[in-house]
Structures are given as C-alpha cells and as structure tokens.
Amino acid sequence: MNTGRDLFPSTVLMACATAWGLFWLPLRFVSENGFPGAWSTTLYFLISLVLLSPVMIVRRHELRAEGLGLWITGFFSGGAIALYTLAFLFTTVAKALLIFYVTPVWSTILGCLLLGERLSLTRLIAVLLGLAGLWAILGESTGIPLPQNLGDVMALTGGLLWAYAAVRLNRSTSHSLDWISSFMVAALLISLICLTLNGQLLSPPALEDFTSWGFVALLGLAAASLPANFAILWATNKLSPGRVGLLMLLEVVVGITVAAFVTDEHYGTAEAMGTVLILAAALVDIFGPHPPSPTKQSQ
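When you read off a place in the sequence shown, starting at 1, and then add 165, the result is the number in my numbering.
Take the hints with a grain of salt, since some may be wrong.
[Stated by the list, open to error] Ranges of calculated distance between the beta carbons of each label pair, as one might list FRET restraints:
1) 308 x 428: 23 to 29 Å
2) 170 x 358: 30 to 36 Å
3) 393 x 193: 39 to 45 Å
4) 431 x 194: 41 to 47 Å
5) 230 x 362: 29 to 35 Å
6) 232 x 431: 19 to 25 Å
None of these hints come from the bench; they were simulated from the model. Yeah, the Cβ is synthetic: ideal placement off N, Cα and C, and Gly gets one too.
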C-alpha cells in the first residue's frame, strides 16, 4: 500500500467531491437571481467553454484528428452532465443526486450487453440494490417507479447517458483534455436545446442582470469548476478505481446532508431507504470483483 503517496490525491478528490456535493447551492442562487432555469446552465457551460478555449486552440489539430468517436463520447457525457445540472433546478437535491447515482446499474447492464462482460454475483447484487433504491424513491407516492417531475426525468436520463459514456470512456484512448473539450461543447448544446424547448430562449435575462450578484456567482462557479474537473482527472489517474468510487460518494453524502439543513425539501422514509440502497449498491460495485478492462481503442 502506498498510503503516503495516495494521501494528497485522495485529499484532492475528497475536496472536489465535497465541492460537487455543494454545486447546487450557487447554481440555485444564480437561477433565483436573474438567470432562471436553463439560462443558468447555458451561460455556465458557455463561460466554461470560453475559459477552456485556449486549450482547445492549442490542441485543435488533436481534436480534429480524434475523429467522430471523441464527439460521440463527448455528446453522451456532456449531455448527461447538462441534464444532471438542470435536474437540481426542477426536483429536490436528494432525488437529483440519488437518481443520477444509479448510473453504476446502467453501466453494468450496458457492459454486459455491449462488451460481453460477465454478470458476477456481486454485480447482480449491486444492480438489484440500485434498482430497489430507485423504486423506493420514484415509487413513493404511487408505488410505481416512474419520474414524478421534469427534474426526475432529467436526472434519470442523465444517468443513462453517463452510463453509456462511461462504457465508451473505458475503451477510449482520447486525451482527457480533448474529452473535456468535446464534453463542454456538448453540454452547451444540450442546455441550448433545453432552453429552446421550454420557451425560455425568447425571454432572455435583462441587461442589468449581468451586473447582479447572480452573474458574479455564475462567473465564480464556472471559474472554480473547470480546475476542479482537471483535479479530479489528475487524482483519478493516481488512485485505484475502488478508492476513486468510494471518495466520489462524498458528493451524495454532502449534498443530501447540506440540503437537509438549508432547504425545506421533503426527505422522508422513502428517500432515506433509497439513499441506503443506492449507496449500498455503489459500495458493492466498488469493492466487488470486476471483469478485466477491454483493450482500449480509438472510437
């Protein structure tokens, strides 16, 4: 064990996971102060893309050489995070986090279907626990596990998209900088589509809103999250997948805990049961045996 060597990247990853668990706080502040709904996410991804543009210019030849595969992966991963981000504005914090974090269930199923991975007993247990947790959360009022609002749909769809993106990323040889670039472009496009579909595109923020504290928070959010993304990628390459998965669960724990104190959102028995089941599914998936990774290839 390289405990000393792992300490710093583990600390970095814990800090980033904690920050992502709090991401919804400034996002909701922005949404409530001049940039409602998809305007907040669209401008967030736009500013992030502008900040990332020097990297994209430097690596423009690599981005072109990567081909369509990179952009397909970017579309699914960026679309997933765009929908996940929006979900916080249309459903409770707990439901957005937990519904999205059923992702390992979908990744396992897709791994079996697309990569021919074997469904071991531990992974089957993880799938059943995750689905039971999802049922507890979505079936609270009717007993039928269906999304109750637009935010639930976004979190669920985002989780499904991320699961497929994760399968592609596991086989990809693309440079992480190129992936983040394609990711941001896709996230912006999906946010713009959502902005158009809900009719908000025709009701832009007023000019004075761009001098408000909401816009200051938006700038700060974009400026802080970009280096956090790079820090996560760096730490992930330094640690074992199991430790990475375990530490990233802090996002769920921190998000739900803080929401319980600073919001009046409902968090009852069904949500508590769903939390336990989904976290248990994640832990079983993290510590259970995994099939060998397939040979990585350009897609």
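Evaluation of the provided hints:
{"no.": "1", "hint": "308 x 428: 23 to 29 Å", "in the structure": "holds, 26 Å"}
{"no.": "2", "hint": "170 x 358: 30 to 36 Å", "in the structure": "violated, 44 Å"}
{"no.": "3", "hint": "393 x 193: 39 to 45 Å", "in the structure": "violated, 18 Å"}
{"no.": "4", "hint": "431 x 194: 41 to 47 Å", "in the structure": "violated, 21 Å"}
{"no.": "5", "hint": "230 x 362: 29 to 35 Å", "in the structure": "holds, 34 Å"}
{"no.": "6", "hint": "232 x 431: 19 to 25 Å", "in the structure": "violated, 47 Å"}
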